[in-house]
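Undergrad: Here the structure of chain A is known, so what remains is to put chain B in place on it, guided by the hints.
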Amino acid sequence: MISDRIGGEGKIRLLGRRMFIISAAKTVVVLGIVGRLISLQINESKKYKTLSDKNRFREWKFAPPRGIIRDYFGNNIASNRQVYQLHVIPENAENINDLFFRLKNILNLSDKEVFRLRRKIESQKPWDSVIVSDNLTWSEFSRINLFLHELQGVEPTISVARIYHQESFSHVIGYVSQISKKDLQNKEYLKNKNVAGMRVGKTGLENKLDPEMVGSIGYKRYEVNAFGKRIREISISQGQSGKTFKTTLDLELQKLSTKLLKDKAGSVCVMDIYKGDIVVMASSPTFDPNKFVHGISQKDWNQLLQHRDKPLVNKAISGLYPPGSNIKILVTISALENDVVNPKMVQQCKGHIEFHGEKFHCWKKKGHGFVDMKEAIKQSCDVYFYEVARRLGVDRLSETAKKFGLGKKVLEGFIEEKQGVVPNVKWKKTNIGKGWYLGETLHSGIGQGYWQTTPLQLCLVMAQIANGGYQIKPRIILRDKSFEGLEEFIRNKETLRENLDLLDEFIPGLKYKTLFKNQENINFVKEALFKATNEPRGTSYRSRLTKKGFIFAGKTGTSQIRKFTALQRELEIKNVDLPYEQRDHALFVAFAPYHDPRYAISVVIEHGGAGSSTAAPIAKQVIKKLLERHSLREVQQNKGKSV
Amino acid sequence: MFKPGAIVSHLTFRDKVFSLDMILVVSILLLGIISCFAMYSTDGGEFAYHTKSHIVRFFIFFLLFFVVSFFSSSFWYNSSTIFYLIVLALLILVKYFGLTSSGSQRWLNLYFLNLQPSELMKIGLILFLAKYYHKISSTDVNRLRYFFQPLVALLAPVLLVVIQPDLGTSVLIAAGGIAVIWLAGVKMKFFAYLGIIFLSIAPVVISFLKPYQKSRILTFLDPSRDPLGAGYQITQSKIAIGSGGLFGKGFLNGSQSYLDYLPEKHTDFIFTLFSEEFGFFGSISILTLYMLITWRIVRLGNMVRNSFGKFYCYSFATAFFIYVAVNMGMVLGLIPIVGAPLPILSYGGSSMMAIMLGLGIAMSCGIHKDQAIG
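So the protein lines, in turn, are chains A and B.
FYI, the working numbering numbers position 393 of the first sequence as 393, with every residue one higher than the one before it.
FYI, the working numbering numbers position 225 of the second sequence as 225, with every residue one higher than the one before it.
Chain A extracted, bound-state conformation (with noise of 0.2 Å):
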């Protein structure tokens, strides 16, 4: 008998319905866990790994070392050193204001400083390390070591960081400095790549072979709680250092330019004039790229941003000059190219002209009497130049300046580097808006007026004379296809030319472009530059070379940055008597050695006065060293070769 006192079997079978109701029910929801599991653990399994992984994995980047910088024989120019670092890890801190308070004691912090670092801490995650200093001496490194144990949070680390060990290199290698907004804007290689310690190239070499130096980054993977505590290491990679790459300089020569140009301003170039190697580009004055490395301060920038002579400045590339009396050379070149004149032409030199009513002024007061074309180069005679011009025009000697390189970029790379400016009818044109006036034409002659060139474009011009008129693309990186088979072609070309009395025909469909019609016109130059070296007159005679094998050939020039008031010629002013602004700036180039030569040279002097007396003595020098070094540098040649 069942128990219940009422009811009975109504209430049993009402039970019975609605426990079937409920099992139903759970029925729905086991189905509703399981699809759930199922979904979760077996459809999107992976994607919950990777958010587990992502949870539990950190990464801590670091910058490799960035590619080593070398001269022609090896020796460093821009490398990496040891430096003793200084990094915080903020939530391993116990209090980040005790922690400073004494850091600040140890090391001499600023307030400022600090205040910088805070900022920093605030704008990122508490397990990302801040360097407090990226370049600690010694002592202080030891110091930190001792009080270590006191500082939690604290990590001393020894990392690498650029040094350059030549200041008279710091305009051609550059500088790196910390990665800035901009940079990563528009550096499309620094994408993952802004890393704490990340140094990146501003300028020159630095920047132009940034991508293949910055090398690729390493880090170490910790596994790390929902707090952000380290709990192991997983996996650490060095990543890989930057690129080796070795340069066409030569540390000697750049060394002594560098020393010839101390206390002036201004540049020195040389030129392999067949390959196009670049063995000196010296600018200066310089300043001490280090200071970049570790973030330069406020009052050595300002220094060097407003100091006179514009140390930050490349001028080999970057300075923009009338060539003055050097476009001498092209305006011959294209006279007797175009055939308007003959080089046995006699022109009486008065000490000006005058020309529809204007005065021209020779720079020889008292003229150069009559002069033909050689003469007038030697002694570089304006008033010679000025009826060449005449009789030639802006626009073909605008040509002519061009395919000598004028006007254009030498170097592929360098964002620093100016292209310049050669002037014909359309230029001013386009850029003034006003026509061209006939007496323009005489001042550009004589390489003055709206000319604009830089040091390395006129020593390119300077090689490409020097070679016979070929055309060479110059290089600074060794690794650059150069132009190693134009030296054999010009020789084979001179013997077959005496063997076999073959004549320019040979030349055409070659791979070497000529930049002359006629080749005689080219030898027509040197010759006369040559006289205008070593011949008593000649504008550069007082600092010709004697010796066998050092006799090299060169053009002075002087370029005017403001036009002589009457009164000033009446008065023979004096340039070293102008304000320094005022001053011309002297230029020479040459080619040595005048036989069988191998080197061209530019050197200019800001405010130098002329050329003669400022330029061509520290070419002199320079030449002396190139050719005494020669030997070494086709040895090292050969040694490269045969690896």
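Calculated from the structure, these hints are not laboratory results.
Where a beta carbon is used, it is the ideal one built from N, C-alpha and C, also for glycine.
It cannot be assumed that every hint is accurate.
Over 10 Å on every C-beta distance to chain B, these chain A residues come out as not near it, computed from the model [what the hints assert, rightly or not]:
#, residue
1, 118
2, 120
3, 179
4, 185
5, 241
6, 370
7, 416
8, 561
These stretches of chain B come out as covered by chain A in the derived footprint (C-beta under 8 Å, 3 or more residues) [to be verified]:
#, segment
9, 243-250
10, 259-267
11, 279-287
12, 306-319
13, 323-334
TA: Quick look at chain B alone, frame taken from chain A:
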């Protein structure tokens, strides 16, 4: 098979042992053992505080299960009202003398343990209502005057728990009570009215909710609302379970819990930890054990020959199922995080005590299935 005179009034100890439902006992034991290992894992693979105290509690309360089941079901029938009233009194005491932890006043300090009366109320309410519906005739069930007592008995503890505040437990208490009322045969429309009333007072209740409770509910509705705030728990739990995959990361290798990404891994999120370490197959095994237990309790209810026993077993089975479903649904991100432990697996003495007590009473009903009650 209702044979008059077949009433067995005196079972020997041996009879009782032999009439224990061994499948139920083994399932409980298995879950208990699994729970000890899970706890060992939450302690980071060390035999530490949580593990030790969980093992001790499990075996003490497992013993309690047998003791309870050997008491006759009429004993439980007779003491159900007084049991309910004592727990209700304790709930009122909590209001005044309770211990507060994480903003919620839930525990009574009994010196040897911190008792959470709301957990015991889960069983107390079911007992009370099972007895109540056992007493009245099925024709009276839907009479208005018989609604009054169950409703008060249900609402009093639920409200006391809500104000602690402990939304999770109050929901679970209510679920058990409603299960009994439903099984007693109260008409559907009554539940409909109750639903309408609930909806109309919901805004009032919401105004009493703590901000964190509100944000939990809102976060459930849109988990991406606040990924590092209230949504963090759901997100991390889903990552842990999902990353477990088919076979899991292996015992003691659950990186999510090991590295402290899982919140409350000892208690509410113990299933997440297990799921991460043992994968889909592990999760399904646990679920199966729970279903086995539910099925065996229902089966006991089927065999019991008095309506108190039936009401109790069915209701408790339903409530037990709801506890499991709510906890799993919560950690799987199917329902809001309300703070509901997983029976047996979760760390917590009161919860373990209540579940073992509930299971023991069901077993007692099973053992004394032929006993006359009332």
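Undergrad: A separate judgement is required for each hint: does it hold in the structure or not?
TA: Evaluation of the provided hints:
{"no.": "1", "hint": "118", "in the structure": "23 Å, holds"}
{"no.": "2", "hint": "120", "in the structure": "22 Å, holds"}
{"no.": "3", "hint": "179", "in the structure": "29 Å, holds"}
{"no.": "4", "hint": "185", "in the structure": "29 Å, holds"}
{"no.": "5", "hint": "241", "in the structure": "34 Å, holds"}
{"no.": "6", "hint": "370", "in the structure": "93 Å, holds"}
{"no.": "7", "hint": "416", "in the structure": "47 Å, holds"}
{"no.": "8", "hint": "561", "in the structure": "65 Å, holds"}
{"no.": "9", "hint": "243-250", "in the structure": "holds (count 4)"}
{"no.": "10", "hint": "259-267", "in the structure": "holds (count 3)"}
{"no.": "11", "hint": "279-287", "in the structure": "holds (count 5)"}
{"no.": "12", "hint": "306-319", "in the structure": "holds (count 6)"}
{"no.": "13", "hint": "323-334", "in the structure": "holds (count 6)"}
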